[in-house]
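Peer 1: For the sequence shown, the numbering used here assigns the number 2 to the initial residue and increments by one for each residue that follows.
Hints listed in this document are in silico derivations from the structure and should not be mistaken for laboratory results.
All figures in this text were calculated on a predicted structure; none of them were measured in a lab.
Hints should not be assumed to be uniformly reliable.
[Claimed, not checked] Derived lysine to aspartate or glutamate pairs resembling EDC-like cross-links, with alpha carbons at most 20 Å apart:
hint	residue 1	residue 2
1	Lys-211	Asp-157
2	Lys-190	Asp-260
3	Lys-272	Glu-205
[As the list claims (entries may be wrong)] Computed spacing ranges between beta-carbons, pair by pair:
hint	residue 1	residue 2	range
4	Pro-169	Trp-38	33 to 39 Å
5	Asp-319	His-76	35 to 41 Å
6	Asn-224	His-76	44 to 50 Å
7	Asn-224	Asp-196	18 to 24 Å
8	Ser-245	Lys-190	26 to 32 Å
No residue lacks a Cβ here, since even glycine has one placed at the ideal position from N, Cα and C.
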Amino acid sequence: MAKPMVILISAIMIFLVLSSCNNNGLTPLIDSRDYVWTLDTLVNTLLITSIWGSSPVDVWAVSPVMNNQLYGLWHYDGNKWIPWLKYHPQVWGVYGEALFGFSSNDVWIGGQSISDSGAGLCHWDGTKWGRYFNYNPEPDSFGVVSVHQIWGRRPDDVYAIGRMLYRPKLARNGTSRGSLLHYDGSTWKEVLRTDPGYQYHFYELSGTQKNVYLTEYRENTENRDSSLATLYELSGNHLVKIYSSTLGNGLLSTAVIDDKLYLCVGMANAKIYLYSGGKFIQQFSVNDQNFEGGLWGRNERDIFLHMDNGIAHFNGSDIKYLYKFSGMVSGAALFEREVFFSVYDYASNRDMILHGKPRQ
2 MAKPMVILIS AIMIFLVLSS CNNNGLTPLI DSRDYVWTLD TLVNTLLITS IWGSSPVDVW
62 AVSPVMNNQL YGLWHYDGNK WIPWLKYHPQ VWGVYGEALF GFSSNDVWIG GQSISDSGAG
122 LCHWDGTKWG RYFNYNPEPD SFGVVSVHQI WGRRPDDVYA IGRMLYRPKL ARNGTSRGSL
182 LHYDGSTWKE VLRTDPGYQY HFYELSGTQK NVYLTEYREN TENRDSSLAT LYELSGNHLV
242 KIYSSTLGNG LLSTAVIDDK LYLCVGMANA KIYLYSGGKF IQQFSVNDQN FEGGLWGRNE
302 RDIFLHMDNG IAHFNGSDIK YLYKFSGMVS GAALFEREVF FSVYDYASNR DMILHGKPRQ
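Taking the hints into account, I'd like the entire structure generated from these sequences.
Peer 2: Set out below in structure tokens:
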């Protein structure tokens with residue numbers, strides 16, 4: 002069976018005003034856009050799917066490579082990107098899709114196992130990467146199991162979401178299920194699964210210091226516009242629905258910024274909401290057909306937007322492009338002053354890292 006992969010990412014520079022927006026009375030953040038940009042090409046890799054770092058001199062990027070000519074893991078030491086590891090089943094263990102960590106000696110990678118049909122999780126202890134956990138609750142039922150996002154509050158409170166694909170002969174009530182795993186500092190365990198269905202799975206995981214949020218997608222094969230995206234809050238081992246939307250009204254995407262949940266509804270003509278006191282309060286809108294729905298930010302006046310032709314920025318007042326390119330963005334690592342974006346450039350068919358530093 003073909004291995005599932007996540008595809009994304011890309012880059013070239015220009016500043017211009019993108020669109021008008023409702024700013025909810027925020028005061029613009031001064032000089033929040035004056036970056037010096039560099040673009041690093043990662044050779045011999047395949048579609049970076051996740052990026053994470055403990056600091057601007059300790060950043061990891063992962064790719065679900067499938068042959069021994071490609072690199073599945075890269076590391077940035079503050080000077081250059083170094084290919085860390087080529088595909089090697091005995092050493093690596095997973096087709097990496099997800100990255101998350103807490104420090105320079107506590108990092109997780111999740112993906113699909115190389116050696117079997119289960120999901121795999123690997124851990125970095127500051128010295129070496131090691132295979133830590135393999136997950137397939139029903140090997141006779143599920144032909145492919147993967148982990149595609151990881152998030153946690155503390156090293157002893159980590160979550161991962163994944164997808165389980167039924168073997169063809171067993172897909173009577175649907176082709177897939179979503180799963181949620183939890184790590185308590187010593188053991189990974191399954192928390193829950195979604196109901197079986199066609200393309201039923203979790204596609205986003207995020208959280209604050211108080212709550213965990215998951216977004217689920219349920220595809221309607223007869224009418225795709227009526228496919229449903231639902232945002233849940235985790236309560237114990239149960240999911241509580243807090244928002245839902247059909248695909249015709251716009252796919253949902255979330256971001257936790259300054260320990261607050263933001264919800265984006267739609268892409269072109271998107272609305273961005275803050276979840277507070279059990280209500281969704283609109284903060285601003287993005288009226289541009291190039292908006293892809295992705296958000297990353299450090300506070301309410303410093304939010305980066307994923308466009309299909311670059312990176313844009315909301316400063317509490319308006320939206321401007323920071324960097325333009327022809328490609329896609331798969332993720333971001335934001336620090337107090339520096340920013341990193343993993344990019345796939347359509348023109349060169351290369352993976353790249355876009356790195357911004359404040360102008361001195």
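Peer 1: Taking only the CA atoms, is the gap from Lys-272 to Glu-205 under or equal to 20 Å?
Peer 2: At roughly 18 Å apart (the allowed maximum being 20 Å), Glu-205 and Lys-272 satisfy the hint.
Peer 1: Would you mind confirming whether the straight-line C-alpha gap from Lys-190 to Asp-260 stays at or under 20 Å?
Peer 2: violated (26 Å)
Peer 1: For the range 33 to 39 Å, tell me whether the beta carbons of Pro-169 and Trp-38 fit it or not.
Peer 2: violated (47 Å)
Peer 1: For the range 44 to 50 Å, tell me whether the beta carbons of Asn-224 and His-76 fit it or not.
Peer 2: At roughly 45 Å between Cβ atoms, His-76 and Asn-224 fall inside 44 to 50 Å, so the hint holds.
Peer 1: Between Lys-211 and Asp-157, does the CA-CA distance stay at or below 20 Å?
Peer 2: holds (15 Å)
Peer 1: Is the hinted range of 35 to 41 Å satisfied by the C-beta distance from Asp-319 to His-76?
Peer 2: holds (36 Å)
Peer 1: Does the Cβ-Cβ separation between Asn-224 and Asp-196 fall within 18 to 24 Å?
Peer 2: holds (19 Å)
Peer 1: Determine whether the Cβ-Cβ distance between Ser-245 and Lys-190 falls within the hinted range of 26 to 32 Å.
Peer 2: holds (28 Å)
The structure does not agree with the numbered hints 2 and 4 stated previously, though it agrees with the rest.
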